[in-house]
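Asks: What follows is the residue order along each chain.
There are 2 protein chains.
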Amino acid sequence: MKAFQDYYPDDLAWCYGCGRLNEAGLHIRSFWEGEEAVARFDPRPYHMAIPGYVYGGLIASLIDCHCTGTAAAAAYLHEGRKMGTEPALRFVTASLHVDYLKPTPLGVTLEVRARVKEIKGRKVVVEARLLANGEVTARGEVVAVRMPDTMVPRAKSAEEA
Amino acid sequence: MKAFQDYYPDDLAWCYGCGRLNEAGLHIRSFWEGEEAVARFDPRPYHMAIPGYVYGGLIASLIDCHCTGTAAAAAYLHEGRKMGTEPALRFVTASLHVDYLKPTPLGVTLEVRARVKEIKGRKVVVEARLLANGEVTARGEVVAVRMPDTMVPRAKSAEEA
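If you read the sequences in order, they're chains W and F.
Every letter in the first sequence is one number past the one before it in this note's numbering, and letter 23, counting from 1, is 23.
Every letter in the second sequence is one number past the one before it in this note's numbering, and letter 124, counting from 1, is 124.
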């Protein structure tokens, strides 16, 4: 099954969090499950805050990439288009908010579940919750905006990747 | 010169973002410069959002760890104690907010500059800005709280690190 991120055009598929072409990256992958978008992720042992608990920056990254991916998927739906059709709909993060409700245990598969709260013009607001062992340990909200046309990949760094 | 993070006790120095003992980690290091705390960081080439620009999750991580470190340093000052004295003051993130103002270029040293906005009880609020080439590209705010006594390192994972 193809993830939202599998539809990103090649030149926009290098994100450290979710780009399929970034070999060093996290490869976050998102799918619809009913009205929610879900990503599952197994942190590596070194992704810790303190021993036994997941690093908050990783949690922020999971929420960020999953929500911008969800924004793209929702925008295609909103326009009645299939994902992957041109022009590509790719979103960047305008703002990210995360509330860490309790420590997130390391060693279990994490689940990020997101819902679209608002679609308006070039903006999509997505809210997410992070679950470990079925328990919500963090909540987040991302304001995603269509990638500005001025933000084009800079070729030099792509070659360095 | 010792960074704030160099004073963390060994069992709390495993953070992927800023723990000196986490070999796979980012090793974010923070220092006072007058009333501001500053961390400088060189993203690796693969820390990209799209080619040429820094990954937002890394920016969130830099702000997160730098601000919790600043919270600890400020709490010691507030109590009139030297960093590293017992009992250790170590903070976790209750909430993290980041506004991405413009794309952050990859390939230059990033600077995170933080200021304490409020210290009250176990809570420290820290605001930060991220600069690239001297230009502010993101702003953040972290609500840091003293690590709860119940959140003790889980030995098993420490061995796996």
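The hints are simulated quantities; they were obtained by calculation from the structure and are not laboratory data.
All values derive from a computational prediction rather than experimental measurement.
Some clues are possibly wrong.
Just so you know, same-sequence chains aren't split out, so a pair can sit in one copy or run between any two.
Cross-link-like lysine-lysine pairs, in silico, DSS-like; alpha carbons within 30 Å at most [to be verified]:
1. K117 / K102
2. K120 / K2
3. K82 / K2
4. K102 / K120
5. K117 / K2
Asks: Now tell me, hint by hint, if it's right for this structure.
Replies: Status of the hints after comparison with the structure:
1. K117 / K102: Both ways: K117 and K102 sit 24 Å apart in one copy and 24 Å across, limit 30 Å.
2. K120 / K2: within (26 Å within a copy, 48 Å between copies)
3. K82 / K2: within (13 Å within a copy, 54 Å between copies)
4. K102 / K120: between (32 Å within a copy, 20 Å between copies)
5. K117 / K2: Classified as within: same-chain Cα gap 24 Å, cross-chain 45 Å, threshold 30 Å.
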